[in-house]
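Asker: Taken in sequence, the protein lines are chains A, B, C and D.
When we follow full-length UniProt numbering, the leftmost residue of the first sequence carries the number 1, and every step to the right adds one.
When we follow full-length UniProt numbering, the leftmost residue of the second sequence carries the number 1, and every step to the right adds one.
When we follow full-length UniProt numbering, the leftmost residue of the third sequence carries the number 1, and every step to the right adds one.
When we follow full-length UniProt numbering, the leftmost residue of the fourth sequence carries the number 1, and every step to the right adds one.
Hints in this document: simulated from the structure, not taken from any laboratory.
All values reported here derive from a predicted model rather than from experimental measurement.
The C-beta atom is built at its ideal place from N, Cα and C for all residues, glycine as well.
It is possible that some hints are incorrect.
[As the list claims (entries may be wrong)] Some but not every residue of chain C turned toward chain A, in silico, with C-beta under 7 Å:
(1) S36
(2) V107
(3) V111
(4) Q120
(5) R210
[Said to hold, decoys possible] Under the rule of at most 20 Å between Cα atoms (straight-line distance), these lysine to aspartate or glutamate pairs were calculated in the EDC-like manner:
(6) B/K131 x B/D190
(7) B/K131 x A/E153
(8) B/K131 x B/D21
(9) B/K131 x A/D149
(10) B/K131 x B/D144
(11) B/K131 x B/D64
Number of protein chains: 4
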Amino acid sequence: MTDLSRFDVTRYAAAAQSIIDAGRLLYGQGWSPATSSNYSARIDAEHLAITVSGRHKGRLRQEDVMVVDLDGNPVQSHCRSSAETLLHTVVYRQLPTVGAVLHTHSVKATVLSRLIPAGQALTLQGYELQKAFPGYDSHDCSLDIPVFDNTQEIPALAAETEAWLARNPGQPGYLIRGHGLYTWGDTMDDCLRHVEAFEFLLECELEMMRVLR
Amino acid sequence: MTDLSRFDVTRYAAAAQSIIDAGRLLYGQGWSPATSSNYSARIDAEHLAITVSGRHKGRLRQEDVMVVDLDGNPVQSHCRSSAETLLHTVVYRQLPTVGAVLHTHSVKATVLSRLIPAGQALTLQGYELQKAFPGYDSHDCSLDIPVFDNTQEIPALAAETEAWLARNPGQPGYLIRGHGLYTWGDTMDDCLRHVEAFEFLLECELEMMRVLR
Amino acid sequence: MTDLSRFDVTRYAAAAQSIIDAGRLLYGQGWSPATSSNYSARIDAEHLAITVSGRHKGRLRQEDVMVVDLDGNPVQSHCRSSAETLLHTVVYRQLPTVGAVLHTHSVKATVLSRLIPAGQALTLQGYELQKAFPGYDSHDCSLDIPVFDNTQEIPALAAETEAWLARNPGQPGYLIRGHGLYTWGDTMDDCLRHVEAFEFLLECELEMMRVLR
Amino acid sequence: MTDLSRFDVTRYAAAAQSIIDAGRLLYGQGWSPATSSNYSARIDAEHLAITVSGRHKGRLRQEDVMVVDLDGNPVQSHCRSSAETLLHTVVYRQLPTVGAVLHTHSVKATVLSRLIPAGQALTLQGYELQKAFPGYDSHDCSLDIPVFDNTQEIPALAAETEAWLARNPGQPGYLIRGHGLYTWGDTMDDCLRHVEAFEFLLECELEMMRVLR
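Generate the whole structure from the sequences, applying the supplied hints.
Answerer: This is the structure:
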């Protein structure tokens, strides 16, 4: 029986570096302002590296990235991980190939998620850039992005997203109302591509609303 | 009895450097154009470092930051401090833990403050990012940001803000109509986080207006 | 009889470098997000350098640029060129002086191309910047930019654009609905100037729509 | 009698450098895209340095800046100066203290100047940032920015602006419809401050229109 509290430190360091680099990019775009957002990367089947709560995302250092297990418990760390850690662990548990999860916090995601009526998804169709997501090979595909109501009760929201993921294992992300975007990918590069694609598509949708409403 | 005209020069230099660095960030974001804005940082219980009037905020040097006492009088300096110095000293006098005050001048703050009817506050609610302000621990909190009418009579405006602060010591900032934002924090990093959070929230509100009006 | 599979490797390297540099600029502007877009530069009368499918446009390296002939077949390469290679080769075949073709993917081009009614062109008039295109020497000229419907059937779209180019050899570019911009120029610098001019003019048109609709 | 064709070469070099640096800033802001715009700086009472026609404004070099006299004739140069040279010389002739003239070409200036009805000025009032212009010491001042109709007949437009300047020597700039902004200052730094202030105010006005129309 293996000791679940053990992980490869070199893999932790690499995962942490990928998070640090992602933070610099995402903060630079204005998608993680004011210490918002949280990021994670898988270390192995039982562990992930994740940002410590409340850190400036544009200048993360290794000490700002800690390790938690797939239940969200800190491993070899006295730090407190992001309040939304369970929203990350749900994704890694449900989707074994996922290597990175990014939660961002842009103006577009915040506003658009508030403009969509409660209970309704954001439907994307007719955009060539939908092809940035695996399994979507045409602009004609319809992509439904759910919008969960925001709450400070993270375990309850984690359970909601878990049920949704179980029914929709092929979808690339979701929104939380007035809060932001969650997306994931097999590698950190894939995940960053998904953030870019989502931000692009959200801006397109908002721009359409500006003109057409 | 201590000599009130004396301050620790090393603490001045550190405060000035925090102002210089803040200016580079804020100008880079477009929030302090055309020599607008003014910034300060506390040196001690009686002194603060503050920008000299009319300097380019993106390339401040130590010589662009002077010292004033809590009444706004220059200390060991022949320079003229910002015309709005009294709006800074009011905050330091009312809130002893405050270490930095930033006044910025963005398009969003300018326009939004003009779109809000006279006598009405900007009410923020439902945004996860409200949690960037101390004491606001849920998106459900309601945050009322007052909008003071602009005036070139700074002492009168200073008295208005002083009375408001006395009644609302826990609030993180206010707007001046057609002019900009004042916000503060215990450290310069806290204060910069508040600027980022405000700019984000103001942009969200303006974006909602673009679509919904 | 010359061997058509042969090209000057130094000219390939220079063409590839111009593509790498263009990618850094265009990605930096947000016009080629999430591995979208594709770029090419002419090597000689029979060959062009073109981006390999699916690469990150902001950090292209020589290995991300391959060679195809004017029918779109790979030359000395086991890589797969962009899915839209035929949209590039059509331009080089029709316009012998063209040295570079850039396909970009901005929010403005995507949204504006969706807002224009099917079958209608985008008509630009009254903009001084129209003079950035060769042959347009006054803001009074009228410039009709066609909007082709998007499709995953690239050979069909290539045939459509070929027919349009044959009738309109002096026009500087076209849009694909929900997808992006194609433009070209005698040199890469000319082509980048055309991208900048188009993005500017598309943003102007969209801004007019925001206010006037 | 002095030889009017002679100027101090060191002063030319300094003026050219100020133009090069201004170009890097203005292009970086997106206010001089696609080789648009032209810039000048005074060398002495009879000469000015001005950009050569058609150059990329973000990477100007000394060879992209030439000398003309106050009638717009090239001095010691075989290059062709900007087509709009006469719009610069008019300002230097009318306003002897002016040391720099910048013509920029932003989306905001282009769109706003088209949205303002023919024959009407853009009236700015209630903005604290109006104080960035000399002689405007309150947000309550009213600042009327004329909008000249665009034309390719530069001598005619130069005469129009000359007559306007003679009547309004204290005003900081004007717009040309669908084309851009002209502004000036005693030094290049003053002039850059005016560009920043104008761009800010134009964006505010456009933002107000987006929400209120």
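Asker: For each hint, tell me whether it holds in the structure or not.
Answerer: Status of the hints after comparison with the structure:
{"no.": "1", "hint": "S36", "verdict": "6 Å, holds"}
{"no.": "2", "hint": "V107", "verdict": "5 Å, holds"}
{"no.": "3", "hint": "V111", "verdict": "5 Å, holds"}
{"no.": "4", "hint": "Q120", "verdict": "16 Å, violated"}
{"no.": "5", "hint": "R210", "verdict": "5 Å, holds"}
{"no.": "6", "hint": "B/K131 x B/D190", "verdict": "13 Å, holds"}
{"no.": "7", "hint": "B/K131 x A/E153", "verdict": "14 Å, holds"}
{"no.": "8", "hint": "B/K131 x B/D21", "verdict": "25 Å, violated"}
{"no.": "9", "hint": "B/K131 x A/D149", "verdict": "17 Å, holds"}
{"no.": "10", "hint": "B/K131 x B/D144", "verdict": "14 Å, holds"}
{"no.": "11", "hint": "B/K131 x B/D64", "verdict": "34 Å, violated"}
Against the hints set out earlier in the document, violations occur for numbers 4, 8, 11.
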